[in-house]
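Please build the complete structure, drawing on both the sequences and the hints.
Residues per chain are reported as follows:
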Amino acid sequence: MEHATGLVLPNSGHNRDAEASKMGMWLFLFTELLLFGGLFLVYMVYRMLNAEAFLLASFELNIALGTINTVVLLVSSMTIAMAITAIQKGDRKTSVLLLYVTVALSLVFMVIKFFEWSAKINYGYFPGMEVYQNLPAGESLFFFLYFFMTSLHALHVIIGAVFIAVVIYRTNKGFVTAEKYTLTENAGLYWHLVDLIWIFLFPLLYLIH
Amino acid sequence: MEHKNEQPNEAQGHHISSYKEHFSTLAALLLLTVLTVAVSVFGADLRSLSVATALLIATIKALVVAYYFMHLKYEHKLYRWLLLVVVLLFVLFLVVTSIEYLNR
Amino acid sequence: MTTATTDLNFFQVKRGLFSWIFSIDHKRIGLLYLYSLMTFFLVGVTLGVLMRLELLNPGKDIMEAQTYNQVFTLHGVIMIFLFIIPSIPAVFGNFFLPIMLGTDDVSFPRLNLLSWWIYIIGSIMALSTLVFGDGPADTGWTFYVPFSVNTTTNVTMSVLAAFVLGFSSILTGLNFIVTIHRLRAPGMSFMKMPLFAWSLYATSWIQLLATPIIGITLMMIVAERFFGVGLFDPSIGGDPILYQHLFWIYSHPAVYIMALPAFGIISELLPTFSQRTIFGYTAIAFSSLAIAFVGYFVWGHHMFTSGMSGTGRIVFSIMTFLVAIPTAIKVFNWVATLYKGSINVQPPLLYALAFIFLFSIGGLSGLVLGALATDIHLHDTYFVVGHFHYVMFGGTGFAFFGALHYWFPKIWGKMYNITVANIAFVIFFIGFNVLYFPMLVVGLMGMPRRYYDYLPEFHIPNMISTFGSWILVTGLLLMLGNLVAGLFNGKKTGRNPWNSISLEWQTPSPPPLANFDKLPELPEGGPYNYKND
Ligand SMILES: [Cu+2]
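Protein chains in written order, with the working numbering: chain Y, 1 to 209; chain S, 1 to 104; chain X, 1 to 533.
Treat the hints with caution; some may be incorrect.
Stated by the list, open to error - Computed list of lysine-lysine pairs in DSBU-like fashion (alpha-carbon distance at most 30 Å, straight line): (1) K180(Y) to K73(S); (2) K531(X) to K491(X); (3) K89(Y) to K73(S); (4) K89(Y) to K77(S); (5) K14(X) to K518(X); (6) K77(S) to K22(Y); (7) K492(X) to K531(X); (8) K180(Y) to K22(Y); (9) K414(X) to K518(X); (10) K491(X) to K518(X); (11) K73(S) to K20(S); (12) K73(S) to K22(Y); (13) K173(Y) to K89(Y); (14) K14(X) to K414(X); (15) K173(Y) to K20(S); (16) K89(Y) to K180(Y); (17) K173(Y) to K22(Y); (18) K22(Y) to K20(S); (19) K518(X) to K531(X); (20) K89(Y) to K20(S); (21) K518(X) to K192(X); (22) K77(S) to K20(S); (23) K192(X) to K22(Y); (24) K492(X) to K14(X); (25) K93(Y) to K20(S); (26) K77(S) to K192(X); (27) K531(X) to K340(X); (28) K93(Y) to K173(Y); (29) K531(X) to K414(X); (30) K93(Y) to K73(S); (31) K77(S) to K180(Y); (32) K89(Y) to K22(Y); (33) K192(X) to K531(X); (34) K180(Y) to K20(S); (35) K492(X) to K414(X).
Just so you know, these hints were derived from the structure itself, not from any lab.
As the structure is a prediction and not an experimental result, all values here were calculated from the model.
In C-alpha cells:
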C-alpha cells in the first residue's frame with residue numbers, strides 16, 4: 001500500500017519484515033500440527049479400542065517401502081536446509097540446484113507412495129471396496145485411517161513441492177538474495193513440517209507390531 | 001506465550017548453518033531410522049514396549065529436525081516456548097481423552 | 001499535493017466498490033466484515049423469529065417439523081459460524097487493533113483481505129444450502145453422527161462451509177498474533193498494551209490451535225458421506241462418541257473465541273466511562289490467557305449424558321468449575337473499576353453494564369450445567385438454550401453493540417442520537433430478558449429443545465418468550481435505524497467525544513489512511529491511567 005498520503009510510523013507493518021513472515025509461517029505450522037493432531041487422536045482412540053486388529057492390519061503394510069520413503073524425505077529435508085545455507089552465502093546457483101533436488105525427491109516419494117497405494121487398492125483395501133467391507137472389525141478402521149492420513153500427508157507433499165517450485169522461480173528471477181531469503185526459509189519450514197508429520201506417521205502405521 | 005517485551009532479533013540471518021552440520025544431522029536421523037526399524041522388525045515380542053520406543057525415537061527425530069534443520073536452536077527463545085505450549089496442549093488433549101477411554 | 005491529501009480520511013482516499021472489496025486497508029476490511037456480518041445476523045434473527053412464531057402455540061403453527069429442524073440448524077450455523085465467531089475480532093479487531101497498538105496496519109494486509117474473501121465464500125456456501133437438493137442440514141449445528149452421515153439434506157455443503165469459514169478464522173488469528181508481537185508502538189510493552197489487544201491475543205491463539213481440529217473432524221464427516229464405511233460405527237470397532245469429543249475439542253474453546261473479545265471490549269468501555277483506571281490490569285490480562293488455556297480441557301461437559309466414563313465426567317466437571325475462576329476474576333475487577341469512578345452514563349456503558357448482568361446469569365446457569373447431577377436433568381432442555389443465549393447473545397452480542405456505539409463516532413466521525421440510542425437499549429434489554437428468561441424456566445420444567453411442538457403445560461412461558469422476541473426485534477430495529485440515521489444526519493464529532501486516553505482517540509475521526517496524523521503518544525503510566533484518579 002502506498003503511504004504517500006500520510007505519516008509513516010516507525011513501526012509500519014508494510015516494511016519488509018522478515019521476522020514477521022517467519023513468525024507467521026511458524027504459527028501456520030502450529031495449525032498444521034493440530035490438523036494432523038486430530039487424526040492422531042482418532043488413531044490413538046481406535047487403536048486403544050481395537051489393539052489386536054490394528055496390529056494385524058499393520059502387518060499388511062510394506063515396511064521396506066515405508067523405510068525408503070522415510071529416507072527420501074529425510075534427505076530432501078537436508079537438501080532444502082542446505083539450499084538455505086547456500087542462498088545465505090549468496091550462492092544462488094547451488095541453492096537452485098538443491099531446491100531442484102528437493103522437488104525431485106518429493107516426486108520420488110510420490111511415485112513410491114503411488115505404487116504402495118495401488119498395491120493396497122489391488123488387494124481391495126480401499127474404503128468401500130468389497131474386500132474392505134468384509135474385513136474384521138477394527139481392521140477396516142486401520143485402513144481407513146491409513147488412506148486418510150497418508151493422502152492428507154501426500155497432499156501436503158504436493159503443496160510443498162509447488163511452494164518450492166515457486167521459490168526456484170523467484171530465485172532465478174533474482175527476488176531471493178543473500179539479504180532477502182525469507183521465502184526460501186519459509187518453504188524450508190513447510191517442507192520440514194511435511195517431514196515431521198511423516199516421522200510420526202511412519203512408526204504408527206508401519207512399525208508398531 | 002511470552003509476557004515480557006522481548007522482540008526477536010531484527011537482523012536476519014545471524015546464524016548460517018554449515019553444510020557439514022546438515023550432513024551430520026542427516027546421519028543422525030538415518031541412524032535413528034535404522035534403529036527404529038530394527039526394533040520393530042527384530043523386537044516383535046516387545047509389544048507395548050515397542051510402541052513406547054518407536055514413539056520415543058520418533059520424538060527424538062522430530063526434535064533433531066526442528067532444532068537443526070528448522071533452526072529452532074538458533075531462533076529467539078520465544079519460538080521454543082511457543083512450540084512447547086503447542087505440543088503440551090496437544091499431549092494434554094491425548095491424555096484427557098485417554099483418561100476418558102481407559103476408564104470406560 | 002501531500003498536504004492536501006493528508007487531510008483525507010480513509011473513506012475519501014479512494015471511492016468505488018472495487019476500492020472497497022479489494023482494499024488492503026485494515027479499516028476498510030473491518031467495515032467490510034461489519035456490513036457482511038450484520039446482513040447475516042439479520043438473516044439469523046429472522047430465522048429465530050420464525051422459530052419463536054412456530055413455538056407460540058403447541059402443535060403446528062407456521063411450519064412442518066422437518067422445516068423447523070432445518071430452520072434451527074441454519075439459525076445455529078449462521079449465528080455461530082457467520083456472526084459470533086468472527087464478530088468482534090473481525091470487525092473491531094481489524095479496525096482498532098492496529099490503531100490501539102499505534103501502527104498503521106496489521107502485519108499481513110493482503111492475507112487480511114484474503115480472510116475476508118474466504119469468509120464471504122464460506123458464507124455463500126452456507127446459505128447456498130437453502131436453494132438446492134433437500135435444503136439446509138437438519139442435524140443441528142453440531143452435525144452429530146450417525147444422523148449427519150445418513151440424512152439426505154445438504155450436510156456436506158454445510159460442513160464444507162464451516163471448514164472454509166474456519167480457514168478464514170485461522171488466518172485472522174495468525175495475523176493478529178504476529179501484529180501484536182511485531183508492531184506495537186515503541187515503548188508499548190505487553191504489560192502496557194490495551195486489554196482489548198490482550199483479549200484478541202488470547203482469542204487468536206484459540207483460533208489458531210482449536211480450529212484445525214474441527215477442520216479435520218468435518219473432513220471425516222465428508223469422507224463418511226462419500227465412502228460410507230462407518231468410521232464412527234460401533235459394529236466395526238468405531239465409536240460415535242469420538243466424533244463428539246473431536247467436535248467439542250474445538251467447539252468449547254470456540255465459546256471463548258466468542259467471549260474473550262467481548263471481555264476485552266468491556267475492559268475498554270468501563271475505564272472510559274468511569275474515567276478511572278482499570279482495576280487489576282494484570283489479573284484481567286492474564287485471566288484471558290488462563291481462560292484460553294484451561295478452556296481447552298473442559299469440552300466433555302457437553303457430553304455428560306453421551307455415555308462417557310465416570311472418571312472422564314468427573315475430570316471434565318472439575319475443569320469446568322476451574323474456568324469459572326478466571327472469569328469471575330474479570331467480573332469482580334470490572335465492578336471494582338466502577339467503584340468511586342465519575343460515571344458518565346452513555347449508551348456504550350449501558351451495553352457494558354447489561355453485559356455484566358446478562359453474562360453473569362449466563363455464566364451461573366452454566367455452572368448448573370457443568371455440575372454432573374443437575375446436568376443429567378437439564379441436558380438437552382430449554383435451560384441449555386436459555387443459558388447459551390444469555391452467554392452468547394447477552395454476552396458477546398451486547399458487547400458487540402456496545403462496541404458499535406462506542407466506536408461509531410471514531411469510525412464515521414459522526415454521533416448518533418443518544419436519547420434514541422438509550423430508548424432502543426431499554427427496549428432491547430427488556431425484550432432480551434422476556435425472550436430468554438422463560439426458556440430457563442421452561443427448561444427447568446423439563447421441556448426438551450429442538451422440537452417444533454411441545455406439551456400444553458409449557459404453553460404460557462413459550463408465549464411470553466415469543467412476545468419477548470417481538471420486543472427484542474423492535475429494540476434491535478430502533479437501535480440499528482438510529483445508527484443508520486446517525487450515519488447520514490449525525491452531528492460531526494471531534495477526535496475524542498468520550499474523553500478517553502486510549503490511542504485510537506488521538507487521531508482524527510474518521511482516521512486518515514495511515515491511521516495517525518502525528519506520532520501517537522502513549523499515555524504515561526499505562527493505558528488506563530486517567531488523571532483524576
Ligand atoms: Cu462448553
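To see whether the hints hold, each was checked on the structure:
1. Taking the CA atoms of K180(Y) and K73(S), the gap is near 21 Å; set against the 30 Å cutoff, the hint holds.
2. In summary, the hint linking K531(X) to K491(X) is supported, as the alpha carbons are separated by about 28 Å, within the 30 Å threshold.
3. For the given pair, K89(Y) sits about 20 Å from K73(S) by alpha-carbon distance, which is consistent with the 30 Å threshold.
4. Restraint check for K89(Y) and K77(S): satisfied, since their Cα atoms lie roughly 25 Å apart, inside the 30 Å limit.
5. A C-alpha spacing of about 22 Å is found between K14(X) and K518(X), which places the hinted pair at or below 30 Å, so the restraint holds.
6. Taking the CA atoms of K77(S) and K22(Y), the gap is about 14 Å. The hint holds against a cut of 30 Å.
7. Note on K492(X) and K531(X): the hinted pairing holds, with a Cα-Cα distance of about 27 Å set against a maximum of 30 Å.
8. Taking the CA atoms of K180(Y) and K22(Y), the gap is near 12 Å; set against the 30 Å cutoff, the hint holds.
9. Distance restraint check for K414(X) and K518(X): the Cα-Cα separation of roughly 22 Å lies within the 30 Å cut-off, and the hinted pair is therefore satisfied.
10. A threshold of 30 Å between alpha carbons decides the hint, and for K491(X) with K518(X) the separation of about 25 Å falls inside it, so the pair holds.
11. Between K73(S) and K20(S) the CA atoms are separated by roughly 16 Å; this keeps the pair inside 30 Å, and the hint holds.
12. As the CA atoms of K73(S) and K22(Y) are separated by approximately 15 Å, the hinted pair is consistent with the 30 Å bound.
13. The hinted pair formed by K173(Y) and K89(Y) meets the criterion: a straight-line CA distance of about 18 Å does not exceed 30 Å.
14. Of the supplied pair hints, the one linking K14(X) and K414(X) holds, its CA atoms being roughly 20 Å apart against a limit of 30 Å.
15. At most 30 Å may separate the alpha-carbon atoms for a hinted pair to count; K173(Y) and K20(S) meet this at roughly 29 Å.
16. For the hint linking K89(Y) to K180(Y), the alpha-carbon distance of about 11 Å falls within 30 Å, and the restraint holds.
17. A C-alpha spacing of about 22 Å is found between K173(Y) and K22(Y), which places the hinted pair at or below 30 Å, so the restraint holds.
18. Taking the CA atoms of K22(Y) and K20(S), the gap is about 24 Å. The hint holds against a cut of 30 Å.
19. A C-alpha spacing of about 22 Å is found between K518(X) and K531(X), which places the hinted pair at or below 30 Å, so the restraint holds.
20. Annotation: proposed proximity of K89(Y) to K20(S) holds, straight-line Cα distance about 14 Å (limit 30 Å).
21. Our distance criterion of 30 Å between C-alpha atoms is met by K518(X) and K192(X), whose separation comes to about 20 Å.
22. At most 30 Å may separate the alpha-carbon atoms for a hinted pair to count; K77(S) and K20(S) meet this at roughly 24 Å.
23. Of the supplied pair hints, the one linking K192(X) and K22(Y) holds, its CA atoms being roughly 25 Å apart against a limit of 30 Å.
24. Restraint check for K492(X) and K14(X): the C-alpha separation of about 21 Å stays at or below 30 Å, so the hint holds.
25. Our distance criterion of 30 Å between C-alpha atoms is met by K93(Y) and K20(S), whose separation comes to about 19 Å.
26. For the suggested pair K77(S) and K192(X), the alpha carbons sit about 22 Å apart, so the restraint of at most 30 Å is met.
27. With a C-alpha separation of about 14 Å, the suggested pairing of K531(X) with K340(X) holds against the 30 Å cut-off.
28. Taken as a hint, the K93(Y) and K173(Y) pair is honoured in the structure, with Cα atoms around 12 Å apart against an allowance of 30 Å.
29. For the given pair, K531(X) sits about 27 Å from K414(X) by alpha-carbon distance, which is consistent with the 30 Å threshold.
30. Of the supplied pair hints, the one linking K93(Y) and K73(S) holds, its CA atoms being roughly 27 Å apart against a limit of 30 Å.
31. Of the supplied pair hints, the one linking K77(S) and K180(Y) holds, its CA atoms being roughly 23 Å apart against a limit of 30 Å.
32. For the hint pairing K89(Y) with K22(Y), the CA-to-CA distance comes to about 19 Å; that is within 30 Å, so the pair holds.
33. In summary, the hint linking K192(X) to K531(X) is supported, as the alpha carbons are separated by about 17 Å, within the 30 Å threshold.
34. Between K180(Y) and K20(S) the alpha-carbon distance is near 23 Å, which keeps this suggested pair within the 30 Å criterion.
35. Only pairs whose Cα atoms come within 30 Å are accepted, and K492(X) paired with K414(X) is accepted, the gap being roughly 4 Å.
The structure fails none of the hints (numbered hints given earlier).
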